[in-house]
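Take 1 as the starting number for the sequence shown in full-length UniProt numbering and just add one per residue.
Don't take every hint at face value.
[What the hints assert, rightly or not] Computed cross-link-like contacts, DSS-like style, restricted to lysine-lysine with a CA-CA straight-line distance of at most 25 Å:
no., residue 1, residue 2
1, Lys34, Lys69
2, Lys170, Lys185
3, Lys185, Lys173
4, Lys34, Lys173
[Unchecked claim] If you anchor each label on the Cβ, the simulated ranges turn out as follows:
no., residue 1, residue 2, range
5, Arg117, Lys170, 27 to 35 Å
6, Asp163, Leu137, 37 to 45 Å
7, Phe160, Glu92, 34 to 42 Å
8, Leu192, Lys34, 33 to 41 Å
9, Gln128, Asp99, 16 to 24 Å
10, Val10, Glu92, 43 to 51 Å
11, Ser114, Pro53, 36 to 44 Å
Just so you know, these hints were derived from the structure itself, not from any lab. Predicted model, so just to flag it, every value in this text is computed and none were measured. Glycine included, C-beta positions come from ideal geometry on N, C-alpha and C.
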Amino acid sequence: MELDVSELSVQETYLRMVQMITPRPIAWVSTESKDGVANLAPFSFFSGIGANPPTLCFAPANNPDGSPKDTLENIRQTGQFAVNIVSEATAEAMHQSADPVAPEVDEFELVGVSGIRCVKIAVPRVEQAIATMECTLHSTIGLGTGPGGANLVIGNVVYFHLDDALADEKVLKTIGRVGRRHYTKIDQTFQL
């Protein structure tokens, strides 16, 4: 099969990308609006960039109406966000937090997870997450416009939280996304 991206819809392009770019780690991003409403949303276009300074990025696409997602708006307003790491125990809540809801809805309450304050930033993190990275905004880059338009958020990691029971683990048992609604768990690894 040969496909010319210029002849595909945004949705078709997205479906091919998530089919081919696997497994994708999940940034379960928590933010807070300037009015104090907690927001929680997953993004699987996510990666670490470097360790000096510790930097990561994720890419929230615009809403179907072309407007920016609440996560992006909150980060632009406050300059802060937390990336919560997803395990099998939090997978269902993470998936549910992808559903579109009004900005005034506290998504921690909606999906049934506890928010706990971060140390260096004024944003809640998921208490049940096996690890969290507190981040300050480095920059955002608009890469596209309209429905599905891509945005790149680059953040500086300023604090780590790691479940004490996992501190000595070489590999955390996280989950990744391998399709539109399909996930995989990291339960087998090999070393070269």
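Now the hints, each set against the structure:
no.: 1; hint: Lys34 to Lys69; in the structure: 15 Å, holds
no.: 2; hint: Lys170 to Lys185; in the structure: 16 Å, holds
no.: 3; hint: Lys185 to Lys173; in the structure: 7 Å, holds
no.: 4; hint: Lys34 to Lys173; in the structure: 34 Å, violated
no.: 5; hint: Arg117 to Lys170: 27 to 35 Å; in the structure: 30 Å, holds
no.: 6; hint: Asp163 to Leu137: 37 to 45 Å; in the structure: 26 Å, violated
no.: 7; hint: Phe160 to Glu92: 34 to 42 Å; in the structure: 25 Å, violated
no.: 8; hint: Leu192 to Lys34: 33 to 41 Å; in the structure: 48 Å, violated
no.: 9; hint: Gln128 to Asp99: 16 to 24 Å; in the structure: 19 Å, holds
no.: 10; hint: Val10 to Glu92: 43 to 51 Å; in the structure: 28 Å, violated
no.: 11; hint: Ser114 to Pro53: 36 to 44 Å; in the structure: 30 Å, violated
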